[in-house]
Amino acid sequence: MKHLEKGVGLASAPRDFLRDLNADNLSAGLVAGIFGLSAGIIHISAGTAAGLPQEFTLLWVISYLMINGLFGLLLPAYYRLPLPMANSIPGALLFAAIIPVVGLNEALGATLMAGAIALVVGLAGWMSLVMRLIPMPIVMGMVAGVLLKFGTNMVMPLQNALLPASVMILSYFFAARYLRRVPPLVVTLLVGVGYMALSGADFSTVEFSFRLPEFIMPAFTLEAFLAYGLPLALILVGMETPAGVGLVKGMGYKEAPANAITALGGFGTMISAFFNLHSTCIAAPMTGICSGPEAGSHDKRWVAAVIVGIIFIVAAPFYGFVFSLIEAMPSYFIAIIAGLALLRVIGSAMHITFSGKHEVGAMFSFLIAVSGVHIFGIGSSFWALVMGAGLSMLVEFKDFEFSVEMPKRRKADPAAR
Amino acid sequence: MSLFKDASLPAITAGFVAVLVSYSGPLAIFFQAAQSAEISTAMMTSWVWAISMGAAVSGILLSLWLKVPVVTAWSAPGTALLVTLFPDLALAEAVGAYLTAAAVILVIGVSGSFDRIIQTIPPGIASAMMAGILFQFGVGVFVSLEAVPSLAIGMILAYLIFKRLTPRYCLVLLLLVGVALAVWLEGASLQGVSIKLAEPQFIRPEWSWNATLSLAIPLVLVSLTGQFLPGMTIMRTSGYNTPARPIVTLTSLVSLVTAFFGGITTVIAAITAAICTGKEAHPDSEKRYVAGVANGVFYLIGGTFAGTIVLLFTSLPSEFVAILAGLALLGAITSNLSAFVQHRDHLEASVITFIATASGMSFLGLGSAFWGVVIGALAYGILHRPVRAKIRHDEGEATRKLP
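Each protein sequence line maps, in turn, to chains A and B.
Reminder that position 190 of the first sequence reads as 190 in our numbering, one-by-one numbering, no gaps.
Position in the second sequence counted from 1, then plus 1000, gives you our numbering.
Calculated from the structure, these hints are not laboratory results.
Any given hint might turn out to be false.
[What the hints assert, rightly or not] Cross-link-like lysine to any residue pairs, in silico, SDA-like; alpha carbons within 20 Å at most:
1) LYS6/A with SER128/A
2) LYS1163/B with ASP399/A
3) LYS1163/B with LYS249/A
4) LYS1163/B with GLY390/A
5) LYS249/A with GLU401/A
6) LYS398/A with VAL386/A
7) LYS357/A with THR1084/B
8) LYS249/A with ARG1344/B
9) LYS357/A with GLY1360/B
10) LYS149/A with GLY1360/B
11) LYS1163/B with VAL395/A
12) LYS254/A with LEU212/A
13) LYS149/A with LYS1163/B
14) LYS249/A with LEU163/A
15) LYS149/A with PHE1363/B
16) LYS149/A with PRO90/A
17) LYS1163/B with GLU401/A
18) LYS398/A with THR1304/B
19) LYS398/A with ARG1164/B
20) LYS357/A with ILE1153/B
21) LYS357/A with THR1304/B
22) LYS1196/B with THR1304/B
23) LYS6/A with LYS357/A
24) LYS254/A with LEU129/A
25) LYS1196/B with THR1084/B
[To be verified] Beta-carbon label-pair distances, calculated as ranges:
26) GLN159/A with ILE1301/B: 33 to 39 Å
27) ARG1116/B with GLN159/A: 53 to 59 Å
28) TRP1065/B with LEU394/A: 23 to 29 Å
Note that beta-carbon positions come from the ideal geometry of N, C-alpha and C, so glycine has one too.
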């Protein structure tokens, strides 16, 4: 356990939460929470595409919110850092695709093993090595590439919903200029909801339902492990943690506990395996929203991440209701809110990507992540990191910080003589 | 004649290499535009003839007249723009837009307001739009990974290796290796390639609002910021204090003629200019103008045999052209992305310009480059001052916290 980073502790967390709560981190938390809730749509569409029953998909999303929300409540509260937890989206796509091939219990067995691998990596303190193998500009290139889609999804509605889309986007810009006390995103949310109400959005399909996560016993097969467990472990250790940690570091939180995030995510993934869920890990887009400038003063942004956890846990049993509510809103509503929330994050991610070392690796990482290629059934964000880091080693090895210990030794040598 | 006295092998070689690089990389983008426009081989040949002749005539005249190595070429970001607009845009309308753009640039050149206009465009917005236009080509390289994995990986590795070993010959060697790989891995056949003279084809231009807004205006913008600005900068950093006015004026006059044969705007070269203006072209900077003349002469030869060049490109798989174009633009994409992220004072406006341009959206029939500038300028106008005010606000908060 010696490799796990020390945090502030949980005892005083509720009191500090109330002390640090303000309009900025509340609105960022709300936006990230709504973003996380709407991510369930990805599960639903992945499940539908893989031919999984609606019944299971709903259980899957409810577990996602409940379990990820629980861990997402504890981690930021303990470290007082904006570290919201969710599940891995590439992992979700892999999971949905593999269930028809190997079976649900077998897929969950592979999930359990992937979680165990992440737990071991975190406990052994190997994250600093992993992070040195995949340097910041390359990680941020991947993050910027993945987040860019949220940016383009924001401007796309200008094509066929010009009036509401431009009203929402312009309200953000004007609020950022003239209303300095109110977070611009809140203004945009209110303007958007106001527009929907005035234009008569149809809320008649919204219905109430209540469900809790259900227990299931994982089963183990080598096939499931190779086809899905191992890639998932790589995604959790090599992609999700570096992306999240890279983001919070980029926002000025140098002390991000990479080992603890990996270990807790691994442990959470092992628990997830017993409840129809494929992973627990730090969530990059939500981390971006919670740790960015939109979330207000720097030392209080952790509150936003805790709020996300609370929203997840409270909303989980009622997800059927939430889903029908999201369905009732036009799809561009969430797209514009998410895009605006991530605008500055995309900007600073690109700033880190393209201002300095690892120029080739960072560029390739960014382009591959945007391209969305699937190779061997694994998505582009994984290949962005692998090829970005690999090519960077090939052409710009001098930029890697493997030689960190060497100067020290050299300094120590004359003294030894 | 002093030209023959001043002529030297290094200068002629530099001119040849510059042409070869242009035909290897930037021409691939023009081919992609031609492919998306679904035009005939004869028309494609006319296009290549027109851009080569435009570069040849303007380059030779300017180099002889000003006695400095003026390397001209066609607007590479302009051709990138074409790829997104065809086939919705009619060929006649495109020619109309070429003419409009050339006329606008001519006015800018004659009035001598080039430098003033460049200064009024926020630097981040200009780079962000350029990056957004060129960006899709970079992504295209990796999209090809799915269809032709071995060709893509082979060319990417070749690009990186050549870039490291001989940056100047990188694109030429990449073209050779790429053709070899395409023949070997994808079974492309070069049997149909033969010596063929070009026959220019006249296109009757048509003027339309749509083409003016989505092609002519962005074309002027990217030509000024993406070609004339870096091109003039390269000339000046190489020690040539040449005025912009004659170069801008003459290239736009030439463009007015070549447009009728499908040639996109002729501009000062940015990618290849440095090859002819540097020490490698000739130790004596007074005699480097020969490189500019040689460059023009080789364009003349290339234009005459445009048919052969077109046959070569059309007998290779379209993925090959996409990968080549993307890799050729990688340097330009990187430098534009790095340029706009450096301007932190209007980063948000630049990012939204980049996002909107790269999104490929189209609205009212106008392309994303136009909307990128509109949205970016709007964001810049609204956010530009508060960005500074916001910093002051944050600082105020920080100082308030101190006691």
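Checked hints:
1. LYS6/A with SER128/A: Between LYS6/A and SER128/A the Cα gap is close to 16 Å, so the pair holds against 20 Å.
2. LYS1163/B with ASP399/A: Measuring from Cα to Cα gives roughly 17 Å; hence the hint holds.
3. LYS1163/B with LYS249/A: Not OK: LYS1163/B and LYS249/A at ~32 Å, beyond 20 Å, violated.
4. LYS1163/B with GLY390/A: holds, 17 Å
5. LYS249/A with GLU401/A: Satisfied, since the Cα-Cα distance of roughly 17 Å is no more than 20 Å.
6. LYS398/A with VAL386/A: holds, 18 Å
7. LYS357/A with THR1084/B: Given pair LYS357/A, THR1084/B is violated - Cα atoms ~32 Å apart, limit 20 Å.
8. LYS249/A with ARG1344/B: holds, 18 Å
9. LYS357/A with GLY1360/B: violated, 30 Å
10. LYS149/A with GLY1360/B: holds, 12 Å
11. LYS1163/B with VAL395/A: holds, 9 Å
12. LYS254/A with LEU212/A: violated, 38 Å
13. LYS149/A with LYS1163/B: violated, 30 Å
14. LYS249/A with LEU163/A: Measuring from Cα to Cα gives roughly 38 Å; hence the hint is violated.
15. LYS149/A with PHE1363/B: It holds: about 19 Å lies between the C-alpha atoms, which stays within 20 Å.
16. LYS149/A with PRO90/A: holds, 14 Å
17. LYS1163/B with GLU401/A: violated, 23 Å
18. LYS398/A with THR1304/B: violated, 47 Å
19. LYS398/A with ARG1164/B: holds, 14 Å
20. LYS357/A with ILE1153/B: violated, 23 Å
21. LYS357/A with THR1304/B: violated, 45 Å
22. LYS1196/B with THR1304/B: Answer holds: LYS1196/B to THR1304/B is near 8 Å, not above 20 Å.
23. LYS6/A with LYS357/A: violated, 31 Å
24. LYS254/A with LEU129/A: Since the Cα atoms of LYS254/A and LEU129/A sit roughly 16 Å apart, the hinted pair holds (cutoff 20 Å).
25. LYS1196/B with THR1084/B: With Cα atoms ~30 Å apart, LYS1196/B and THR1084/B exceed 20 Å; violated.
26. GLN159/A with ILE1301/B: 33 to 39 Å: This hint is violated: roughly 46 Å between Cβ atoms.
27. ARG1116/B with GLN159/A: 53 to 59 Å: violated, 35 Å
28. TRP1065/B with LEU394/A: 23 to 29 Å: At roughly 46 Å between Cβ atoms, LEU394/A and TRP1065/B fall outside 23 to 29 Å, so the hint is violated.
Against the hints set out earlier in the document, violations occur for numbers 3, 7, 9, 12, 13, 14, 17, 18, 20, 21, 23, 25, 26, 27 and 28.
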